[in-house]
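Asks: Residue-level listing of the chains:
Protein chains: 2
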Amino acid sequence: MEVRWRGFKRLTPVGEALKSFIASGRFGPVGVEAVRWDECLGRILAEDVVSPVDVPAFNRAAMDGYAVRSEDTFGAKLDKPRKLRLVGRVEMGEKPGFEVGPGEAAEISTGAMLPDGADAVLIVEHASVVGGSILVYQPVSPWRNVNRAGSDVRSGEVVLRRGQFLRPQDIGLLCLIGKDSVKVYVKPKVGILSVGSELVEPFSQSPAGLGRVVDIDRPMVRCLVERCGGDAQDWGIVGDEAELVAERLKEGMKGAHMAITTGGVSVGKSDITIEALRLLGAKILVHGVAIRPGSPVALSIYEGKPVVSLPGPPAACLIAFHLFARPVIRRLAGFRTEFLPCVRARLAARVPSRLGNRSHVRVRLYRKDGQFWAEPLQVTGSGILSTMTRSQGFVVVPEDREGLEEGEQVTVYLYTPHELVGGG
Amino acid sequence: MEVRWRGFKRLTPVGEALKSFIASGRFGPVGVEAVRWDECLGRILAEDVVSPVDVPAFNRAAMDGYAVRSEDTFGAKLDKPRKLRLVGRVEMGEKPGFEVGPGEAAEISTGAMLPDGADAVLIVEHASVVGGSILVYQPVSPWRNVNRAGSDVRSGEVVLRRGQFLRPQDIGLLCLIGKDSVKVYVKPKVGILSVGSELVEPFSQSPAGLGRVVDIDRPMVRCLVERCGGDAQDWGIVGDEAELVAERLKEGMKGAHMAITTGGVSVGKSDITIEALRLLGAKILVHGVAIRPGSPVALSIYEGKPVVSLPGPPAACLIAFHLFARPVIRRLAGFRTEFLPCVRARLAARVPSRLGNRSHVRVRLYRKDGQFWAEPLQVTGSGILSTMTRSQGFVVVPEDREGLEEGEQVTVYLYTPHELVGGG
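If you read the protein sequences in the order shown, they are chains A and B. FYI, this note's numbering numbers position 138 of the first sequence as 138, with every residue one higher than the one before it. FYI, this note's numbering numbers position 75 of the second sequence as 1075, with every residue one higher than the one before it.
One thing to keep in mind: the hints can contain errors.
As the list claims (entries may be wrong) - Okay, the calculated bits of chain B under chain A, using three or more residues with CB under 8 Å as the criterion:
| no. | region |
| --- | --- |
| 1 | 1015–1029 |
| 2 | 1145–1154 |
| 3 | 1158–1168 |
| 4 | 1196–1203 |
| 5 | 1272–1286 |
| 6 | 1384–1390 |
| 7 | 1409–1417 |
None of these hints come from the bench; they were simulated from the model. Idealized CB from N, CA, C, for every residue including glycine.
This is chain A alone, in the form it adopts within the complex (with noise of 0.2 Å):
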């Protein structure tokens, strides 16, 4: 569908649109917010967390045994013991009221504070009792069947940092240190806008008549918005006319830290969205893009925030959802970095792609001879969105290639994590 891009003036490479539209804005994050421990799992911290107490808080004994002096114990064999006095016995949940000294030593449990002076435990099955003294068979080396005092976690140390994805394990960290709150980065609002008079909402009552379309746009780029890390905000649809579509980006943007509408970056006729972000006075950066499928993307900024105008067609929607809405709101987000999951795999068939221009070839991956094998299914065809629903992800040809060969690897980009279910 070469069409939809004829009369772009000049397609901007996808490397060089992103790169100046990011340079453009201060794409940081939004705010800071306090959450509870029990509630920031996935949530992108914004402070640096340090320690207040050493864990564990003191010498803990790792085993039963005998809390000894080690090198009270150097030199002891099967046939030639060292004996050490017992000088008491030490509990867990209590502080010893005694030291260990030269020639001495205490039982002692799992988990209970080791006494001043000791600084091993020797196991039971090394010792024998005998009378108020027990018999060592075996050396111990110091602190060997210990856990130290700030072994785990050292008072002062900085235990987790600014811009870091919460983890089940980092939850636990913040359970361990006692800290029950943490800043972190505020969701940032993300309005969805629909342009288009010929949109109706999904399962709407009134029925789609002939030459009606389902806004199916705004419900996907909702998920994806959610999947980065955004708070999404439905702006609905608005028709084909350029003073509506602008008094609602208006309204909307009072509110949102970023916009993204879906259709009426065409050039000519069908352009009422970028008419709209004239009227706005929005700067418009970059208004048609060197990819197949997706061209029609306008990437803008309207009082400092982020406007991104994805094509109406679904698969081109999506992809240059992927490749410019993505980033920016994960950089709003707290993200630092972009990583998409990928895998190599082994293409299927020849993809053929024109020079210049960056293709997005949606694959099926399946699993053959021990390894992944991408098919392509299409390259063209900005509207066909079952490509995407029978694709686990995509294959960039990159501008100075003519297309890519049958059984070149390659690496695909995989839309989630879960892609390889059935074939991982």
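Since the structure of chain A is already known, use the hints to place chain B on it.
Replies: Frame of chain A, contents of chain B only:
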């Protein structure tokens, strides 16, 4: 900490342990429920979805131009145009009231229904209007600039398959074909119980005394269960009394599909959980696995439902969760196979291991010289949580290796697909 598995008669290899556990039970989906289209993102489909309609529903103009019979344009040239008589005009949303016969053409808008007889759209640039006719300057091939009926989705076609993970584009497809709810697998209810008299709730009002331990396993496991597609139930903490543990398990299992316990799985004095499972008459299939960390794992079946008993020390608990609890939860949730996101990296230092044991070495990933490097953090220390919080994943040393060499290429299994933030 080889101590932890002192006393096991035999340690079962990981693969054998998991295999026998999975073979013993019917670890399939626990149920099916209907969910609305806008609430099924990320769920697993429990039915094949068949489209009741063609998409597009009719042959649709992909461009503004003229609906023609393609054969009428064959041979047309700039200096030898072909003349076609204009017989009407079709706008989007209307049904044309005429046919296009031989030697005829009709004006048509993008998205409008192609009149009968026509099989292509000639773009305006390739024709000019002269009175009631057009002069055609270029031939157009059949179905050019037409989105044919059923070219995206055919009526009767299976468009989404049972067992697949629902992504944004799949939600879009449901809207497109007008299916407003789908059957998905029910999330399995997974109870989580901590065993140990030394344990206290995180952030509990009563300060933890010396030797008391904050129960961080339960909040971590709760997060992990939700991540795997389960519905976590908190069964709290039970002290070192087998009868009480048995009672809590019995009561909880009435409303759950699976149980996960942490702690009380060693051999001898501190095997409260094992004792409780015996009291309940549970079938203990495996107790003690040849891994580090995490060897004191027990895998049981109670009333036909899986019980995974994890070791208490947090690093061991997390690794054992990944190996034994995750695959079972995902099976109950309807996922078909396992996939942990992974990357290839070069090992930054030698890692020792013990023959016959599978070791899970936590590694910190970084980029240098255009590739990933994995710095081993620690092999032992099952209680050291910070090796989990400072690492992005783990490397496996198989049973038949005494270690991995510095510089060796290894696979790093990532905890989450977000681990490469900062490096990817």
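Asks: Going through the earlier hints one by one, which of them does the structure break, listed in rising order?
Replies: Going through the list in order, the structure violates hints 1 and 5 and respects the others.
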